[in-house]
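Asker: Fit chain Y to the supplied structure of chain E, relying on the hints for placement.
Chains as they are written, first to last, in numbering that gives the first Met the number 0: chain E, 0 to 492; chain Y, 0 to 492.
These are computed hints drawn from the structure, not numbers from a lab.
Zero decoy hints are in this set.
Keeping only pairs whose Cα atoms sit at most 30 Å apart, straight-line, the calculated DSSO-like set for lysine-lysine is:
no., chain 1, residue 1, chain 2, residue 2
1, E, Lys119, Y, Lys491
2, E, Lys269, E, Lys427
3, Y, Lys427, Y, Lys480
4, E, Lys393, Y, Lys119
5, Y, Lys393, Y, Lys491
6, E, Lys411, Y, Lys224
7, Y, Lys224, Y, Lys99
8, Y, Lys411, E, Lys13
9, Y, Lys12, E, Lys411
10, E, Lys269, E, Lys282
11, Y, Lys269, Y, Lys282
12, E, Lys156, E, Lys167
13, Y, Lys38, E, Lys143
14, E, Lys188, Y, Lys480
15, Y, Lys143, E, Lys143
16, E, Lys491, Y, Lys188
Protein chains: 2
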Amino acid sequence: MFESAEIGHKIDKKIYKEEVPELRASLIEAQFNLVQAAKFPVIILVGGVDGAGRSETVNLLSEWMDPRHIQVHGFGPPTDEERQRPYMWRFWRVLPPKGKIGVFFGSWYTDMVEDSVADKVIPAQLDQHIHQIVQFEHMLTAEKALVIKFWFHVTQKTQRKRLKAFEKDPKLRWRVTKQDWERVKQYDKYCQVSEHILRETSTAEAPWIVVEGTDHKYRNLTVGKVLLEAITSRLSHPFKERRSTAPPLLPPIDNQHILSTLDMTQTLPKPEYKEALEHYQGKLNLLVRQPQFAQRALVAVFEGWDSAGKGGSIRRVAAAMDARWYTVIPIGAPTEEELAQPYLWRFWRHIPQRGRVTIFDRSWYGRVLVERVENLCSESAWMRAYNEINDFEKQLVNHNIIVAKFWLNISKEEQLRRFKEREQVRFKQFKITDEDWRNREKWDAYETAICDMVERTSTLEAPWTLVEANDKRFARIKVLKTLCEQLEATMKQ
Amino acid sequence: MFESAEIGHKIDKKIYKEEVPELRASLIEAQFNLVQAAKFPVIILVGGVDGAGRSETVNLLSEWMDPRHIQVHGFGPPTDEERQRPYMWRFWRVLPPKGKIGVFFGSWYTDMVEDSVADKVIPAQLDQHIHQIVQFEHMLTAEKALVIKFWFHVTQKTQRKRLKAFEKDPKLRWRVTKQDWERVKQYDKYCQVSEHILRETSTAEAPWIVVEGTDHKYRNLTVGKVLLEAITSRLSHPFKERRSTAPPLLPPIDNQHILSTLDMTQTLPKPEYKEALEHYQGKLNLLVRQPQFAQRALVAVFEGWDSAGKGGSIRRVAAAMDARWYTVIPIGAPTEEELAQPYLWRFWRHIPQRGRVTIFDRSWYGRVLVERVENLCSESAWMRAYNEINDFEKQLVNHNIIVAKFWLNISKEEQLRRFKEREQVRFKQFKITDEDWRNREKWDAYETAICDMVERTSTLEAPWTLVEANDKRFARIKVLKTLCEQLEATMKQ
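For reference, chain E alone in the conformation it holds in the complex:
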């Protein structure tokens, strides 16, 4: 892939001086339109070999454009905060919102390339990592991000020359370290590895653009022109979500499904309940105080029909723990800030650090439940969400986070009873709205969506637990018990 970037591209000084003012003006204008439209974010990846002008280019972009709407992120060794979370967390947290430009100087590629050069991974593992990256970028582009990936390349000879020039210059000498010279020696391997990675990750939606870094005028003009063309062409041809081309998911053709098989008559009398509550809350308390839990974390997801008792169950779980250990995140309509980001961003922000617990009262499953049923997102969007969610949870599990998911199920009749009760009891009135009644009308559509959800996202590592919740006491104990069992089983591993 580097042939075109080793032929000595060069721009004449005079031409450069003529072209730059025009290009800068156009870039500023494009950026202004980007901010105004606020329809998509621009994600610029900057990678390449040492001495190919990466940092100079990054600085130039900030200089040429309005720095208020462009953010540059360098990625050194992960911080404490970051080490506590899955690898991709550090990138999710700084994704630019719609209308803004994020420059990633070093990115999700850096470690992959370095580890391969250092022979820390075998080829199959590298390909595994590549696959994850491809899926991640696929999600970004499907969520409308404009992803531009620049790879700056120079020959080994040029690299040597630059380092020597720096060393001679008293003002730049500090830039050259022993490691730099070590890396020059690894040049061939570095190129071989990165060529493989670039090729495998040069997708139709987010291809790599290799730029020869020797002549700064050529480099600058190329980057500027690519950027300008990419932004203006996307602005004039807005992203249209494509109709799903998949075979449709059908509702069950008999009247049986996983919810209808639940024994909804199960109850737990008060005395047994009290005893069990004390038992399991005590157990849960001990479990999260175990030393092994300090190397883990818990993400508990609560979903369920309106009035199924999510709140009550969550309170019983929370009551078992010190308030400093857990956070409850209620998920409602997304904020403006959240709407400007890929769908999963609002959940990534709340991933707990090691030894902590995050409880989600409703969750990322909204996309395949309410958003699907109410047509709040396209069919393609919720169809791909199953994959994205599985990916997301796999990353949590691989990071030793325990993922527990509860569906609180009540019958249609029980819901009616509770709705009516809520309307009559004054302090419960705030809990029932017109929307609840409207949702109720779509019971069947929700049922189909719930079954598809469980079928497509219940995994060995992050299983769904269906909770028969017509009896609140029974439900609460089942939740606590399951949680304890899952924690025990995982921590034994």
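Answerer: Coordinates of chain Y only, in the frame set by chain E:
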């Protein structure tokens, strides 16, 4: 993923009898419309556990629909023919054309599942394989195929019961083998492995549909209804290619590119040419007769400007070999049969068996050259072609096939000279057409396309060789020499 398929789905006999005639009629009608429109192929994958009614379903489909337009493929151990080619070749050769239905009973998933159950692959290798499958199906759906993947599931208990019932029935006893009982023992592992694979390959474009196989009436109705809905909904909402959302690939911003760096003045005087020709043809002859070559094969690709001398070079290469060893495949406009298939199908057919040579006079690179420049395919199509081509060639290389690619380059002036010469020499007149003159007008656009092609598809394992071909003798020797060197280098490994 199997929860919904373990709950005892069942259809009442009476309802079944009522619904089937209607469903069959609709299916036949849908199939008729599918054949008439001939806009997309339907690819049905049938997988699942033993005893879940896979073969019964496959037979039923042939019975319910018009068997002239539906083809069922079973895949046992690969044939001689198939073993000689890359793994995916056996599937490519039987892909259904547009308008037809292909049922794959066993598929590209079978070996992957079996190998994992037998612990023949480590998880990272499995994921590598999964990634390849996802890319393959992504290509199929991007090429408009409707891909429907059924997975038939029953519990271990049902599986046992069915086998015992077969054993008791004298007419069906033959169906039960020792292996079947061995496999029942591996049930848990089989489910665990296939759940992972199903989840990872359940993409938005081609999700798995898990069907409970216990009750044949439920199974049949489900398959029939999914199929009907999938075909009719695609017929009424034709596939629309989406505008590419990638940042555009720009032409070089200075006037330098990999072609402009070639020293086009190189020549080879006749006497040296004659000597070299004899030398390298002899060498090539010896190389393909080496015993190691019997375990390999050669795919040589010739691309170049009109009148660059592809034919002459190919003749010099061919002349070095026994005519039984090689085939020359001239690639012109695709045939009707080829147009009804995914783009790469017409090239897959010609992959040589071991020990043989296929020479392509023009090739799959047409998509990123003439089809790109002449707008014969969409931007998304040629943008994703770089990946598809790299994948394709990687499969060849992994199968020990040597891939050599030559771009024969001439200057614009030299082309003009040759065109004029062709017009004047009677026996060469057939070689020059209006189209050649028209192509010439788009010289710059072709140049950009060629540079992008070389940059994005020249790999260590399947490199491009740029041949300075203003002097025919020089070009022919460079081709022969490079070919010999590449064969030598690869066979040493």
